[in-house]
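Enquirer: Read off the chains here:
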Amino acid sequence: MDLTYAAGPTQRTAVVKSDQGSLDTLPLFTDGDTVAGTVHISPAPGKRVDHLGVKIEVLGQIELYFDRGNAYDFVSLVREVMTPGELVSPTSVPFEFKDVQLPHETYQGINVRLRYAVRVTMQRSYGNTVAQEFRFLVRNAGIPPQLDGPGIKMEVGIEDCLHIEFEYAKAKYHLKDVVVGKIFFLLVRIKIKHMEVEIRRRESTGSGPNTYNESETIAKYEVMDGAPVRGESIPVRLFLSPYDLTPTYKNVSDRFSVKYYLNLVLVDEEDRRYFKQQEITLYRHEL
Amino acid sequence: MATMNVSAQDEQDKWLADASSLVKQYAFYMKRALDDNNLREALKQGSLMLGELRTIALSPQKYYELYMQVWNELRHLEAFFGEEARHGKSNLELYELVQHAGNILPRLYLLITVGVVYIKSKDGAAKDVLKDLVEMAKGVQQPIHGLFLRTYLSQASKTLLPDTGSEYEGNGGNVNDAVEFVLQNFTEMNKLWVRMQHGGGNRDRERREKERRELRDLVGKNLLVLTQLEGMTLDLYKGTVLPRVLEQVINCKDDIAQPYLLDALIQVFPDEFHVQTLDAFLEACPLLKPTVKIGNVLASLMERLASSARDNPEIVAQFVAVEAFGKLSAGCKSIIASQPSMDAHDRLQMHAALMGFVTAVHRDRLDYVDDVLGACADALNAPGGGDEKDSKENSSDERVDRGGIDGGAEDAGPPMIVSDQKGVRQLHALLTVPLDTYDVVSVLGLSNYPRVMSLLQPANLRQMAMTIVKSVIREPEGAVSDATQAETLFRFISVLIKDREGVAEEVDEEDFEEEQNAVARLVHALQSGDSDTQYRLLVASRKHFGQGGPRRLKHTLPPLAHEAMRLGRSLLARARADSGSGDSGAAAAAAAATGPMGPALKKILQFLHQTISALAAAPVSRHEPAMRLFLEAAQLADASGMEPVAYEFFERAMTIYEDEISDSAAQRSALSCVVGALHSCVGFTAESRESLVHKTTAYSARLLKKPDQVRAVSDCAHLFWGPDGVDGAARDATSTVTCLKKALKIAGGVQQASLGGVGGGGGDALRLFIEVLNKYLYFFERGCPGVDASILQGLLEIINGELAGEEHGVAPDIQAYYGATVRHIKHQKLKGGEIGARYQAISL
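From first to last, the protein sequence lines are chains A and B. For what it's worth, our numbering labels the leading residue of the first sequence as 21, then goes sequentially. For what it's worth, our numbering labels the leading residue of the second sequence as 15, then goes sequentially.
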């Protein structure tokens, strides 16, 4: 069984990291695309295959890892492409799903994944049903949020110990954006060794008492070496493009959310860490 | 401790070696990647290499070595970045790409390296790129890391500044942007450098300060970059550079940075700039930390200005135009006011430099010198400010004026006595400079000079006094020409002239001698054209020297007596010229005594009497000089027609001879002095003269050694036969002949003694005979009755006989002596005339 997409070589693709860590190149769609193509079914040479019909589905699934096998299909479109019969030679059947609603992006998280696939199923009266899935990716460029909104500005501190003010020009960034900011030291009584900005991703899955939160650090970016003195202001310029980021996802089908934070971390000479997290909103402004 | 240091050193070496070998390794992989045009890998290896600079274990010196190694490797990377074809990225893309590096230090080194290429390509405007780089570098706050990173930035950007006339000017900005960039980098570097001082306990303070000193030029180089800008103008310096640098200097409140940076500022920027910005510079000085030795800095500024004035006289007009002196001296004052704890020698150094400035720039302004001295005296709380000074100056206007200015300094505390070596040197220099530049007397007349001098300890005062004495001696004659000046001078050198009351001082004998000799020479420097004044000078000197005690008197009185004698003689010459009488003789003398100069001469003789008596009375014996002086004074008195005085002087001389001179050689030479003096005197009454002559001949006959007797007695012959052509000279031929005969007799005794086998005397006798022969010849020539050819003939025969009889040959000197005598006789024979005729009677 094989599948080609109607767009042929012009079909958009993207590279993703698979579970196993290898890089896969997969077709890429976005919300409202038409998913069309041709299914090629080749029986083993010299054998005839009886079947009870072939159907093609477009699936959008959310899988929670602690609840595997209980995937939630938020998209499930079915087309019967072949009536029951007999296959003797390789056959190609075209299919088309027009303007498919693909509201969520493909996401591979720690406790959850959101995946899309075209599933071809051949039902047989006896023996096993033959089914094959062809994964594809969905990415949706968001509407750019209001950019003239206020940036992040905040004064934090530990009394008589450390007092800083930090400022990021924006609170919302697209994925190829640059975080520009400034850290202003109002009081420094600890011996700081260095300072870094981390990008952290927090994934929440489930709801109510069954909520699971997982955080991971996507990026560590040293912005200061050594100890500043009072009155020093340290520039921050962090390019987001090198990192594997996704847009911020809010409450995807009530199943999960993904949020991003900028975490400012100061490390002192005894390796104690002082930090402050600020949520930022990420969005995709191009595919 | 030593072993600890050694092991710390070893440790440093090891760390450096480790880091260095890693750098080498990463550099190797980096270069391999570059050969493959593999940008990503090259950046990765480059970052790793640069990561070695993140160490905090190395001392600045070792870190510098590592930095240089990395610097060399970065050149490869820079070259690669410059060739777009090899990596396929635009400069802007590269500029972003290197910023993906996670660690800040490697990231910034890479960024600067790309930035250089970016500016060179002119894709990026120099001012923008540089601004970004210098701003981003703020992320490195570790002092050593930051200093070297910014040094890298500074080095890399040196040729890329949008300076006036540079190819990066225009789109890349202008000189203002260049200055802004350098100043910002400088400011940040200074902050980092200053910060090294803090953190860590007092324990490591010394080491830290040493390390900081090693690094200071990294900071200072920025100032150098600024001066090298083509577009650096006075306006730019005045309006931007100086205020910014000063602001940084003041705000950093650091003991090492403040003086270093100000000094660097002084040294790197041209003098024209300093002249025009004195106000700003001087205003900043009092704002520095009180512990900073700002005096040194100001001194170095003034020295620099002074030397530029010496090299380039044109700049002097500028100094005058901006009233540099007034500003500098006000600057000194306000610095001292702001730093009450400043060391004496810092205060001194500052004023010494100010003095140097005055002497270099304002050679004609002695009042400035006084101002400097006054300021210095005030600065060290020297006594004599305010009221005391006023009373001396006797001017009510002045008093109000001074009171107004100096009021605050009066009760500032006890004077700071300068006793440390350095301070003394400076004080000494401060006091010497004006002596060398202006005329000594005027300088000494300055009201503040003694105030400053009072700051010296007695021992050091001696040295200073010596300097003054030497300066006076060096001056052309007549420098000190009236009694007031002399008084002033003696006040300054009183330490040399007398002992301090109640203090026994240990002074090295040689030094003492040297000092007194100098003081003695000083007497000759006191010269006035007017004889009354000259006399007053002598009296003043005498008064001061009189307090010096015997040790000094023996040095100081003789020159005084000689000076008095000289004065006397010159008076005498004038008297004679006035009266029109002859040059010598009793009549002339009598004329002098009664003439208008008489009283003056009398005073001088009295003065001489006192002076020489004092010398003679001194416990430390100076009898011979005293005696000679008496004799000389006697001659003067005689020539002045003061017979009793002359007689008194001879008496005194003879008393000394009798009482004090016991050595036979000394006696012999003393006697010949007496004879000489007496011989020339013409004014004595017969009675006085006889008494003196009698004594003299008696002394001669009593000499211990026969040869001495021969000579002295034959000398005495002259006493009876005074000088030719002088009115009143003695003419007693009989006594003359008697003396000569007596001498010959004693010589004969010597000859007998030698024949008697005493041995070795033969030559002596011969010599004596020849000597006596010469005496005879003298009188023979002058026609003394009783000295005739037959006596001479006899004497010649005796001598010839002796010569022939001498077994062992005659000493060459005697032969020569005799030869010369014979030649003389021959010569006289040939002369003709009266004398020739007389000589004809002698046959050889």
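Hints are supplied without guarantee of correctness; some may be wrong.
Claimed, not checked - Using 27 Å as the maximum straight-line C-alpha spacing, the simulated BS3-like pairs for lysine-lysine come out as follows: (1) K213(A) - K270(A); (2) K76(B) - K58(B); (3) K145(B) - K196(A); (4) K202(A) - K755(B); (5) K213(A) - K341(B); (6) K267(B) - K240(A); (7) K240(A) - K341(B); (8) K213(A) - K103(B); (9) K341(B) - K75(A); (10) K267(B) - K190(A); (11) K755(B) - K213(A); (12) K843(B) - K755(B); (13) K37(A) - K103(B); (14) K58(B) - K37(A); (15) K213(A) - K843(B); (16) K196(A) - K267(B); (17) K196(A) - K58(B); (18) K37(A) - K173(A); (19) K341(B) - K267(B).
If you are wondering where the hints come from, they were derived from the structure by calculation, not from laboratory data.
Enquirer: All hints, please: hold or fail.
Expert: Going through the hints against the structure:
| no. | hint | verdict |
| --- | --- | --- |
| 1 | K213(A) - K270(A) | 36 Å, violated |
| 2 | K76(B) - K58(B) | 25 Å, holds |
| 3 | K145(B) - K196(A) | 24 Å, holds |
| 4 | K202(A) - K755(B) | 124 Å, violated |
| 5 | K213(A) - K341(B) | 48 Å, violated |
| 6 | K267(B) - K240(A) | 37 Å, violated |
| 7 | K240(A) - K341(B) | 57 Å, violated |
| 8 | K213(A) - K103(B) | 35 Å, violated |
| 9 | K341(B) - K75(A) | 101 Å, violated |
| 10 | K267(B) - K190(A) | 38 Å, violated |
| 11 | K755(B) - K213(A) | 117 Å, violated |
| 12 | K843(B) - K755(B) | 24 Å, holds |
| 13 | K37(A) - K103(B) | 26 Å, holds |
| 14 | K58(B) - K37(A) | 22 Å, holds |
| 15 | K213(A) - K843(B) | 117 Å, violated |
| 16 | K196(A) - K267(B) | 45 Å, violated |
| 17 | K196(A) - K58(B) | 21 Å, holds |
| 18 | K37(A) - K173(A) | 35 Å, violated |
| 19 | K341(B) - K267(B) | 24 Å, holds |
Figure legend: structure checked against the earlier numbered hints; hints not met, in rising order: 1, 4, 5, 6, 7, 8, 9, 10, 11, 15, 16, 18.
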